[in-house]
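Peer 1: Line by line, the protein sequences are chains A, B, C and D.
Under UniProt numbering, the first residue of the first sequence is numbered 1, with each subsequent residue one higher.
Under UniProt numbering, the first residue of the second sequence is numbered 1, with each subsequent residue one higher.
Under UniProt numbering, the first residue of the third sequence is numbered 1, with each subsequent residue one higher.
Under UniProt numbering, the first residue of the fourth sequence is numbered 1, with each subsequent residue one higher.
One or more hints might be untrue.
Just the calculated beta-carbon pair ranges, DEER-fashion [claimed, not checked]:
| hint | chain 1 | residue 1 | chain 2 | residue 2 | range |
| --- | --- | --- | --- | --- | --- |
| 1 | A | L127 | B | G28 | 42 to 52 Å |
| 2 | B | A135 | D | D289 | 50 to 60 Å |
| 3 | C | K202 | B | H132 | 56 to 66 Å |
| 4 | D | D289 | A | D257 | 27 to 37 Å |
| 5 | D | A230 | B | E359 | 50 to 60 Å |
By construction, these hints were calculated from the structure, which means they are not laboratory data.
In this text, a Cβ means the ideal position worked out from N, Cα and C, and glycines have one as well.
Protein chains: 4
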Amino acid sequence: MPRTDPIALRRPVIGRRLRLGFVGGGRGGLVGQWHAAGARLSNQWEIVAGALSSDPETAAQSARDWLIPAERSFADWREMARNEAARPDGIDAVAICTPNHTHHDIAAGFLRAGIDVICDKPLTTTLDDAEHLVALQAETEARLYVSYPYTHHAMARQAAEMIRDGAIGRIRQVHVEYLQEWATGPADPAHKGQVWRMDPTKAGRSSAVGDIGTHAFHLLEYVTGLRARALKADFHVCGVEKALEDTAFITLRLDGDVPGLLHVTQAAPGQYCGLRFRIWGERGGLSWDHEFLEQLRHSPLDAPDQIIHRGQGAGMRPGAAGMAHLPRGLGEAVSDAWANLYSEIALSIAARRHGLALEEGAIAAWDVQDGARGVRFVETCADSHEAGGTWHDL
Amino acid sequence: MPRTDPIALRRPVIGRRLRLGFVGGGRGGLVGQWHAAGARLSNQWEIVAGALSSDPETAAQSARDWLIPAERSFADWREMARNEAARPDGIDAVAICTPNHTHHDIAAGFLRAGIDVICDKPLTTTLDDAEHLVALQAETEARLYVSYPYTHHAMARQAAEMIRDGAIGRIRQVHVEYLQEWATGPADPAHKGQVWRMDPTKAGRSSAVGDIGTHAFHLLEYVTGLRARALKADFHVCGVEKALEDTAFITLRLDGDVPGLLHVTQAAPGQYCGLRFRIWGERGGLSWDHEFLEQLRHSPLDAPDQIIHRGQGAGMRPGAAGMAHLPRGLGEAVSDAWANLYSEIALSIAARRHGLALEEGAIAAWDVQDGARGVRFVETCADSHEAGGTWHDL
Amino acid sequence: MPRTDPIALRRPVIGRRLRLGFVGGGRGGLVGQWHAAGARLSNQWEIVAGALSSDPETAAQSARDWLIPAERSFADWREMARNEAARPDGIDAVAICTPNHTHHDIAAGFLRAGIDVICDKPLTTTLDDAEHLVALQAETEARLYVSYPYTHHAMARQAAEMIRDGAIGRIRQVHVEYLQEWATGPADPAHKGQVWRMDPTKAGRSSAVGDIGTHAFHLLEYVTGLRARALKADFHVCGVEKALEDTAFITLRLDGDVPGLLHVTQAAPGQYCGLRFRIWGERGGLSWDHEFLEQLRHSPLDAPDQIIHRGQGAGMRPGAAGMAHLPRGLGEAVSDAWANLYSEIALSIAARRHGLALEEGAIAAWDVQDGARGVRFVETCADSHEAGGTWHDL
Amino acid sequence: MPRTDPIALRRPVIGRRLRLGFVGGGRGGLVGQWHAAGARLSNQWEIVAGALSSDPETAAQSARDWLIPAERSFADWREMARNEAARPDGIDAVAICTPNHTHHDIAAGFLRAGIDVICDKPLTTTLDDAEHLVALQAETEARLYVSYPYTHHAMARQAAEMIRDGAIGRIRQVHVEYLQEWATGPADPAHKGQVWRMDPTKAGRSSAVGDIGTHAFHLLEYVTGLRARALKADFHVCGVEKALEDTAFITLRLDGDVPGLLHVTQAAPGQYCGLRFRIWGERGGLSWDHEFLEQLRHSPLDAPDQIIHRGQGAGMRPGAAGMAHLPRGLGEAVSDAWANLYSEIALSIAARRHGLALEEGAIAAWDVQDGARGVRFVETCADSHEAGGTWHDL
């Protein structure tokens with residue numbers, strides 16, 4: 001794929017758009033909105049089928065919202081998997097945008113039906129479930145992708161490339177945080193995602209760590225190229241009283257004994273989606289703030305700070321420049337990252353199923369192993385917390 | 001339209017997506033990319049026909065890029081207008097993304113064919129041409145819309161609403177600027193838009209004022225709700241030598257003798273798309289910077305500055321909140337503004353052609369009169385400059 | 001003077017501190033506070049005499065505040081000039097911190113008494129008065145310095161040095177503004193400086209231009225190294241009704257026909273001391289904001305922006321580094337600039353009167369000619385405004 | 001003390017300036033520079049004696065720099081203590097600006113001589129030494145003050161007052177960091193402070209925690225009004241190899257089980273004096289960044305963020321407003337904080353020794369107990385680290 005031209009990312013490469021179905025994503029949900037936005041903006045996909053809600057009426061209404069034909073709208077995802085697998089023009093992949101505890105069964109169902117899966121994170125609520133999906137994928141033709149959208153932001157890619165090419169030397173210390181405010185007060189009953197994220201039967205052993213900690217953790221490992229080998233975690237409730245933690249302080253030991261701090265909270269007033277990393281090496285530092293996402297700050301030791309702005313030229317590395325659809329100054333943001341995610345998955349599918357040749361490292365499409373690693377991270381944090389905040393291997 | 005739910009903006013309201021054609025927008029062009037991104041992200045349109053380039057090979061290749069069927073891809077826009085007008089499933093509207101000097105003829109051709117037009121600004125290169133389009137529209141069933149995307153940013157809408165509801169009192173002074181850097185050095189021959197914008201036979205009597213001054217001017221009048229009654233302008237060449245100005249200093253006299261400064265340049269290194277307004281009233285100020293577009297600064301006199309962040313709640317006015325597709329902290333940017341633009345035009349067409357009821361003021365869809373006003377602004381600036389920078393009525 | 005060590009700026013070089021007197025500066029005034037702060041922080045001066053108010057009681061009380069001995073505290077500056085000139089340990093210089101219309105007589109009085117003068121800007125309220133002081137100084141041993149503190153900020157000095165050494169190439173365009181909010185509503189009667197600045201009998205033909213326009217103008221000419229050759233100005237009242245302008249839009253023609261915009265207002269809510277310059281050259285841009293005064297933004301064409309932070313090393317030029325008393329990160333601000341100003345005047349006096357050798361260009365100590373130029377700028381703006389905003393030579 | 005008028009802070013209240021001596025602070029040192037700057041700018045002190053270096057030649061040269069008479073310049077602080085105690089016009093207090101390991105003996109010597117002490121932090125290198133000073137002070141007339149300058153910044157005071165008056169409700173979570181870069185590479189031998197801070201025989205059991213951790217810890221307890229009851233700490237070396245830690249990750253348990261994160265490093269390229277706190281309560285958040293020290297961000301839950309800018313009015317609380325010497329927009333910074341510190345100590349001495357009446361809570365002058373608490377913090381961190389990062393009571 002010629003990645004010199006970012007517009008190429010939005011050109012269907014197999015002579016048609018890939019066909020996408022949704023499980024979840026109907027009225028009242030949020031996560032499905034950004035999956036759909038990314039799929040549409042990518043110009044690589046068309047949304048043609050869905051089990052958009054477990055409530056039949058909402059499912060039908062939501063399908064009409066998205067112009068999904070009635071015969072491809074379902075209240076039950078099992079029926080959808082069966083029907084789509086049987087159609088000659090069945091979906092190429094399904095996006096799973098449902099509460100965490102349902103991911104495993106739905107993903108397994110579609111994999112068994114031979115349909116590729118794009119599953120929101122965390123992959124599952126237990127490590128057993130995650131490992132089962134790893135094993136299951138190995139037995140099928142289909143592939144499971146996990147959506148970690150922050151790694152599809154151009155300036156996160158830029159940071160990763162700069163670290164690979166030695167811009168800051170050997171990494172010595174990292175700090176990453178993801179701070180939100182929504183769980184400071186009581187959950188809004190109209191906002192279903194807030195309700196189930198606080199419910200241990202649906203969210204798993206963790207709320208904040210599973211929801212946003214997995215993002216921060218995955219972004220950190222991706223950008224640094226280092227793996228965390230051990231961690232210790234303390235969970236706290238800093239907002240309104242609730243059954244699961246809304247806050248966690250996590251210390252990491254990365255490859256080469258590099259220390260890391262990871263801080264997540266859903267109870268910090270004034271913080272919306274405050275995902276930020278700061279990475280310090282022996283020759284410089286890099287920092288990025290998801291709320292000012294067009295800029296990456298590079299602090300070479302003994303030279304002035306540089307503000308690298310997304311676009312073509314002026315310090316951009318090739319891979320990141322290849323994601324810069326709009327010129328510098330015409331801002332890209334979250335929908336663009338999701339479009340990159342859906343484009344890269346489309347290219348991965350095209351390569352795998354249709355023989356499209358891709359350069360090594362040209363795209364980032366996270367797989368079931370990456371999803372399972374996120375679950376392992378959540379479980380290890382919960383284990384450490386329960387043991388009083390002691391070191392646990394990862 | 002229930003504008004309490006921003007997701008509603010991205011729901012087709014007439015049971016199908018509107019059909020969109022393009023003139024221009026093929027490989028090598030940029031403007032067409034963001035028109036297309038907005039149309040796709042809006043979920044209100046599908047792109048089905050095009051005369052994407054005047055070069056037949058580029059036109060055909062570009063059509064394949066966008067999955068436009070060969071029989072609806074044309075090298076000549078006249079042929080496209082004729083064919084589409086004749087089809088039962090012909091396009092609902094055409095987007096014109098060609099150099100300025102071609103707008104008039106293309107727009108006139110499609111209007112005469114009964115097809116709605118979405119024309120990039122400036123509408124034409126002469127006021128006569130613009131007035132001709134005004135007259136022509138009056139004789140046809142079709143309607144011409146002009147794309148001024150900055151007014152479709154949620155926080156620009158927020159500023160307009162705050163001014164209407166008196167948040168800063170009577171306006172007393174305004175400053176608006178649009179600063180870019182690309183014309184500091186020689187034009188890049190590979191970048192066709194740079195080349196024709198510097199060519200008086202294609203750009204008209206102005207480069208910077210026509211290209212970015214019209215944006216700044218339209219945004220200023222929209223946000224303040226005031227009309228400029230007179231202006232004086234000085235044109236300068238501050239980058240590499242060229243036939244048209246790359247910089248202009250413009251002084252405005254708005255309704256009620258409110259003074260305004262408008263500064264545009266394409267030759268300011270470090271400025272990418274630096275569109276910014278600052279509006280000061282008797283009780284407060286408002287400022288917005290397109291490069292940090294999620295935030296509006298409100299400075300009430302005698303109270304701390306407030307940073308209003310795009311999203312639901314926390315100071316957002318209803319119309320602007322109704323445009324906030326993603327939650328606060330998950331950034332929206334330029335593609336989202338274009339999606340809003342294409343959604344609002346879709347709603348306007350649905351209202352006009354399909355009887356959809358819209359609340360007064362619910363949407364902003366700029367028409368041929370707004371386009372002609374932009375051309376008048378350019379002409380008046382050029383007249384003033386040529387007269388030595390003297391006051392000219394607008 | 002060895003300017004490699006910034007701490008040297010705060011070492012008295014003639015074996016004692018210079019003796020300073022004040023006219024004005026007593027309780028109720030503000031300007032005297034920062035003159036005094038700079039003198040004290042510089043460690044080059046001691047304040048030993050004063051006619052701190054024209055009200056005898058306030059004068060006496062204010063002298064006690066500052067530990068000025070009763071016998072060197074005066075209600076009448078003429079008496080002070082006479083007495084100090086007669087003492088063997090009389091003051092080396094007098095700081096004049098009174099309303100504009102009194103500057104001329106006081107400055108003339110002290111010059112005639114052979115005492116150096118440090119006069120706040122604008123030097124006088126009429127050009128005749130300013131030229132009289134120029135002539136008078138030529139006849140005396142004493143020298144008149146004018147306080148333009150913004151040129152004594154390290155990062156303004158840094159910008160000047162970078163421009164001299166070609167960092168942005170030939171200058172092509174400049175924008176400078178000084179925005180305040182205090183005259184939006186009625187003057188505060190308790191704040192004497194607000195009252196007299198609005199009174200034509202005390203402020204001269206201008207309020208905003210004389211008060212803050214002179215600062216912006218002087219800073220612009222200093223940093224760019226260019227002289228304005230002509231200007232046009234429009235005066236406005238944008239705050240509460242008043243006799244003098246609170247706002248001015250000024251267009252400049254600098255050496256080499258470089259265009260410049262200068263905007264001043266005292267009626268912009270949310271703006272405190274918003275002095276900012278942006279200078280664009282053929283190879284880059286420089287911008288500085290007095291409200292974030294530790295940083296200078298350098299935008300080289302075709303490279304990422306650089307944020308140069310005050311301190312030693314990391315891009316700092318020698319003269320500016322020589323002013324950096326505190327290490328990078330330990331912030332300097334307005335009192336530090338005034339300390340630099342008082343240090344540089346002390347060095348100038350030491351050079352002139354005590355034979356201290358100074359390197360060419362090592363310091364910036366503005367003289368009566370610089371003061372007169374500021375008055376000429378104010379007068380020319382007023383002339384242009386009265387003539388309808390036409391070009392006037394400067 | 002009438003704290004409505006901030007200028008009053010810079011008025012000597014006992015009819016003379018207090019007399020200050022220095023131990024340390026001569027050429028080649030930095031810490032003494034800001035003590036001296038604060039003392040001078042406060043207008044409450046004059047520097048009249050010193051043992052400015054243990055090297056006699058440097059001591060004498062440095063005394064000449066500061067215009068200290070030769071008979072009050074000493075190479076040995078013991079001699080200075082003896083002589084000053086014997087003079088009728090002896091110093092009122094001594095500022096100790098020497099390496100950590102010398103603080104105890106010098107402080108004890110001056111206390112025994114009946115002279116008040118202003119000691120840089122950390123108070124001592126061992127807790128025994130600190131407790132000895134506590135006991136010693138109780139036996140003498142003199143008092144020991146510790147310099148924690150960050151609590152003398154107006155906006156840190158503002159945060160403390162806002163928390164006291166309930167602006168953010170009950171505190172639920174805190175984050176504080178102090179990040180520097182200077183120990184990333186090898187120490188600069190010319191910079192004595194860098195060398196001894198890395199030397200366990202001079203710095204004590206800690207480098208980063210003792211040097212900057214004590215600042216962060218004191219500021220946190222002061223602003224929140226909460227005391228840390230337990231902590232756990234991990235020390236790291238993230239810069240060049242060295243004997244003491246340059247980085248520490250510390251978790252705190254504050255009153256009411258409020259969790260806190262404290263992060264310090266001297267090895268983060270691009271960080272100069274990055275002291276920042278973020279405090280989140282049940283109804284809002286507060287954040288402050290020492291590198292943008294004029295602004296405090298207040299994030300009320302469910303309302304837009306407010307940017308409170310140092311000055312009079314517009315959200316400022318009385319105590320903080322009483323420290324705002326310059327008007328909003330004319331920046332204050334580090335020298336102003338040190339001036340506040342020296343003013344507040346002067347007022348404390350005036351109250352204690354000269355009967356000046358002070359309102360409860362009008363000033364903050366930290367005493368030997370506050371110093372000992374800082375040493376206890378350092379020791380507890382070192383103990384925790386050595387025990388493998390386990391919880392230790394404080």
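Peer 1: State for each hint whether it applies.
Peer 2: Hints versus structure:
Look at L127(A) against G28(B): about 51 Å separates their beta carbons, and that is inside 42 to 52 Å. Distance hint check: the CB atoms of A135(B) and D289(D) are about 59 Å apart, consistent with the given range 50 to 60 Å. For the pair K202(C) and H132(B), the supplied restraint of 56 to 66 Å holds, since their beta-carbon distance comes to about 59 Å. For D289(D) and D257(A), the Cβ-Cβ distance of about 30 Å falls inside the hinted range of 27 to 37 Å, so the restraint holds.
At about 59 Å, the CB distance of A230(D) to E359(B) agrees with the hint of 50 to 60 Å.
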